[in-house]
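K.L.:
Next come the chains, spelled out residue by residue.
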Amino acid sequence: MKKWSERILLSLLIVLVAAAIVLIGAFYFRLISDRIFEDSTGHLSEIYGQVNRSFGAFVERNWGFLKSWDSCFALSENADADVESEAEFIALEKKNWGFSDFYFISADGKCMTPDGTEYGFDLSEELEKLMSGESIISGETLPSGREVTVFAVPVNNNLYGGFEFQAIAVSYTNDDLAASLNVDAFSGKAKCFVIKSDGTVLLSTQTGGNVFENYLTYLRAASDLDESGLSKLKSDWESGLSAVTRCKIGEVEHCILYQPVGYQDLILLSAVPESAVSAGFLSVQKITMTVLIVIFLLAGATVLVIIVIQSNKRSKMTRTELQYRELMFDVLSNSVDDIFIMLDSNNDSVDYISPNLERLLGVPVEEARQDIRALEKCAVNFNVVIPRPELEAIPLNENRYWECEYMHQTTGERRWYRMTIYRMMIRDVGKYIVVMSDRTLEQQMNQKLQEALDAARSANEAKSNFLSNMSHDIRTPMNAIVGFSVLLEKDADKPEKVREYTRKITASSHHLLSLINDVLDMSKIESGKTSLNVDRFSLPELLEEIGIIIMPQAKAKNQEFSTRVNGAPPEQLIGDKLRLNQILINILSNAVKYTPEGGKISFAVCEISGAAPQFTKLRFTVSDNGIGMSEEFQKNIFAPFSREINSVTNRIQGTGLGMAITKNLVDLMGGIIELESAPGKGSKFTVELSFSLPEQETGDEWYRQKVSRMLVADDEEDICINIKSLMSGTGVEVSYVTDGLAAVDAAATAHLHGEDFNVILLDWKMPGADGVETARLIRTKVGHDVPILVLTSYDWSDIEDEARSAGINAFMSKPFFVSTFWQTIKPLFAGHAEPETENKPAGENVMNGRLFLVAEDNELNAEILAEMLDMEGAKCEIVQNGLEAVEAFTKSEPGKYDMILMDVQMPVMNGYDATRKIRTCGRPDAKTIPIAAMTANTFAEDVKNSMEAGMDGHLAKPIDMNAVRELVGKLLSKNNKPTEGD
Amino acid sequence: MRKFLALALALAIALGISSCSAENGGGYAFTLMGKKSDLVKSYMTAIFGLYEKTTGNKIKIISYEDSEYETRAAADFESGNAPDVFMHFHNAEIQRFHPEKNFYYLNNESWVNDLTDSAKAYCQDGDGNLLGLPFWESSVSGCYYNKTILDGLGLKPATTQREFDTLCQVLADTGYTPICWPADGCTWILQFGLDPIFADDPEMLEKINSNEISYSDIPEVADMFGWIAGAAEKGWLGNGYLETGWDDISPAMSSGSAVMTFIWDTWFYTDFKPGKYTIDDFALMPVFLNTVENGTYEGGNLNMMTVNKNSERLEEALGFLEFCADPENYNLAFDGISTVSCFNRQTTNIQSKMVTDARESIAECERVSTAASRIIGYSADDANAALVELLRKKNDVAGCVKQLDEKRLAEIQKESD
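Chains L and S, in that order, give the protein sequences. 5 is the number of the first residue of the first sequence in this note's numbering; add one for each residue after it. 360 is the number of the first residue of the second sequence in this note's numbering; add one for each residue after it.
The calculated PhoX-like cross-link candidates involving lysine-lysine, where the alpha carbons are at most 20 Å apart (straight line), are:
1. Lys773/S to Lys761/S
2. Lys515/S to Lys200/L
3. Lys193/L to Lys593/S
4. Lys710/L to Lys830/L
5. Lys133/L to Lys71/L
6. Lys753/S to Lys766/S
In case anyone wonders, no lab produced these hints; they're calculated from the structure.
Could you put the whole structure together from the sequences, leaning on the hints where they help?
P.N.:
Next up, the structure:
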């Protein structure tokens, strides 16, 4: 605003200065003009005064001459002689003077030339003057039409050729006279007349003749003089005054100068264009004015140049600044993800568009510059050009914004922008300034937040559900425990009731324990305290152990469970067997849990490529034809506390933590877990994990020399082919058949040819003759020398006796592993008849008669344990802490205690330290006495810590006597072997 | 009364012509040949009727259509069937009828002195022999000027070329258009300037007709074109003269926007439409086109009656001419006709005051229409076209004159072909 005011003031100042210069110039010009006019008219008067005087002298001279001739025309008697001599005289004078004619004038106005020609001059009033003795001048037109001026003087009466005359005259043609009076000045533009006081033109000095009859009449018609001016002229002329007046004739300013000639009423009048009058002066004036104008122009031009230079300088600076700003803006906009556009509101033409457009949206800047609608193709679900009514609805100097989603034209990347449009006027031109602020990160963050929020809500919901479930799940077994405990007390005298109640209390306790274990496990994983216990383990053993766990569960639901090993994966691996076991058990348990009775569950293992050297990558696949999962639930299956809610799952107990634990463990082991499932069609879990490979062991392989041919019978040919493939590297020739009878034939045929198979491997369950029947038939053909093994996925304990009586030497769990095979047949060729002593699931009570040192600070737990051991026929000595345990052990006789059961968390000295003390106390049995941890710390780390402390086993509280029995059996038999071997 | 009588005569004689022009089986005093359109002019029919009625002689009228008149008449002359009285304008075409061989020189006829000088001059050949009796309506072409305007300005008409120039300049200075010059298709003006050159010097006319000289050899021709171009430059022709045509002359003159124009007196009765100024405001002075100092008037083109000197009825033919030249008869025939007099004693015709007032000047300066009628190959259109090229500055004066020569020669060639 201030700038505009300054500009207006400056403009006004310039206008005022210019006006002042013009006024001064005009004043000066007027002053000069007036002065020049005065000088010019003076000059004019002087010139024509000279002309007037010349004319007067000419008149006087003519009159003088004529008067002097009076005596020459004296009357004579010899008239003819006189005429002749007079004519000669006149001719001579004519030649001298230059007049055109000589006239004798009579009193009545007639005239006669010397040659006798008579004219009738129209002297009118002049004649009277002439006759009265005055000399006159008169303009006359000769019969020939030629105009002449006559100068006449009165003379004495006389005769010429008989013609009586009283005056004589000479005439000059007006052309001649004009030539003598003509003024060369004024560029020949001056008109000069001798007029009478009434304006009648007597003589014109112009060459070319006179066309004026009356100059006053002419001026009245042709000039701008009004009647008063004309009257003044006439008055001046009649009064014989001299003056100069100005008037416009036609379009040209004239100076009219008049001076009395001095004879009669004759006036010398000249009419000269002012431009001619003042030509000389005007040229000076023009030069002066030109110089002044040039000075002014130069000054103006200088000022203008300075202004232009300054303006250009400012403009250049402004341009530079603008360019700099624009460049800076370009650089700035290039470094941000916001897009800036300026549009003309009239035609949507683009004034500016930031160069980052192509980077951000993949639209070339030039393309958008030519047509802003080029952005439309980037728009997702909207038109980039906001409808004009909406744009025009934006109040001036205000803005509106729209949230828009764009897609990069090259990369397809989605970006979100807030398009803020400002409407404004810039120099009276409507503009829209569009600022497209990148909101992609914000949008993505919002999305993530939303997802997180959803997840949190889901988790919260899950947790609420979990708590609800937990409440239900915990209360349910607790309710059973409490309830049956009450009943137990009530029916203590009824053994059948007591057994039933205690069995149910036990089941409920186990379920509650499982629940607590899962919760704690999950808590441990989530708190990041879980670590892997990596060690060498056997894949076949792992699969066998899994089979042992899952098979009964499947059997209980009448489900078909099969384990298959595809290819020849390494049998010895280095990894966390416990966690792997946990992963697979979780998945398989779920498969059993969510597969209806009679369903199928397949467990397959194969080696896949892609592992680094010294590593292998295994894929474990668990497939079932169970209830499957909805797609929605599949997304959350690995989330903690998630359980699909439907009519089926509601009836199945679970914490919703199993798969979350599984997923976390897989992640912990650097593997992947994938799921394919469809409701009603079952599920398929795939777990891929990498394991290190241990160095190959060399050992006693004498027994391998005894096996060169073997027969395999399995109704599943794939298994046969697989076994053949696995055995191909061992040098054992494998023949296979797909049913029992064929196996019998093959064995018999071989036997007949004296080429008995070294080993016959039979599937248990085959159509037609099963494995047991086939073995019985084979034995009838080939005798008992050939070892027959049964390969089965099922628990063979139920048929073991029958099988052995049928001639079966040993059992192998599916899947078939070479190492398992060798280990199984090794005792057969070595003459051992009891290869499965350790795993014997039932039989003698290993607890019976044992003495345990129990370190337990909790009296209740100690009492329970003591009672439970007592129930098993074992005794125990209980100490309150680790130190007491150490002291009790060190003070005891060697071999007194069969085993030490050590609580971990105890006052005075914990279980770990106590174990270390025992192991290092120096007693002979200090290093061999089995020590088992007995603790509520059930995690792998706890197990690991126990082992590191020198313990041999780990029992989780609450104490499960089956687990105690199993562990005791395992440790004590191992511990006793040297003794037995002796 | 005289008009009524003339009309009655005309009607009666028209009937007579009809009978004459038809194949008549009766006797006749002589034969008279003329263009059909010429013969029906009222004054012609009047004189024919008057003659026949007065003398009782019959005239055998031979008329041809205008378009074939020259051809058929020439054929008649060549075939020995020339008429006793032959009507023709004194123009270049008359030479094909070999006047010296076929026409009776009328120099000594009794009526010769009654002819006006201009009429007599028109009918004379280069040797001064009077070839025919002019019996035709005529006009005077000159510079018609607005006397009222000039008087109002205190100016007087020019008597010389220099005065005319002065007058033009004074008028221009005063704000008037001095001359209305209709350059667009109005072709008659240039011949006014050329007339004096050839009328005053019959020898020059012969030379140019025999192609001994061309226009380029005659300085006055260049002087004329130069003056016109100069006049245009000085503004004497006003503005828009190149677009000014026939129809523009009357408005310019009647309104007073132009003061002078080069026209003929009968134009004021046929085409002039009075406005601010009427016919009474106009007067006549000579045309000044810088070819003669004192200016010129162009006399009218007159149809003249020639007599076949080889005719067997020569006396009857001469007697008819004498009858026609009788003041009583021609005054009866031309009673009420607007025309310049051919005879000094012609009184019944209507002459404009403009012409009457300027009779002395006309008598002094009038020239027979020579350029247009007697220069072989002269084309008014060509002359004007050359002038327009000059005025448009597409040509200079010398080029303009050269163009005029070329056009004339081309015209001659065309006619000879």
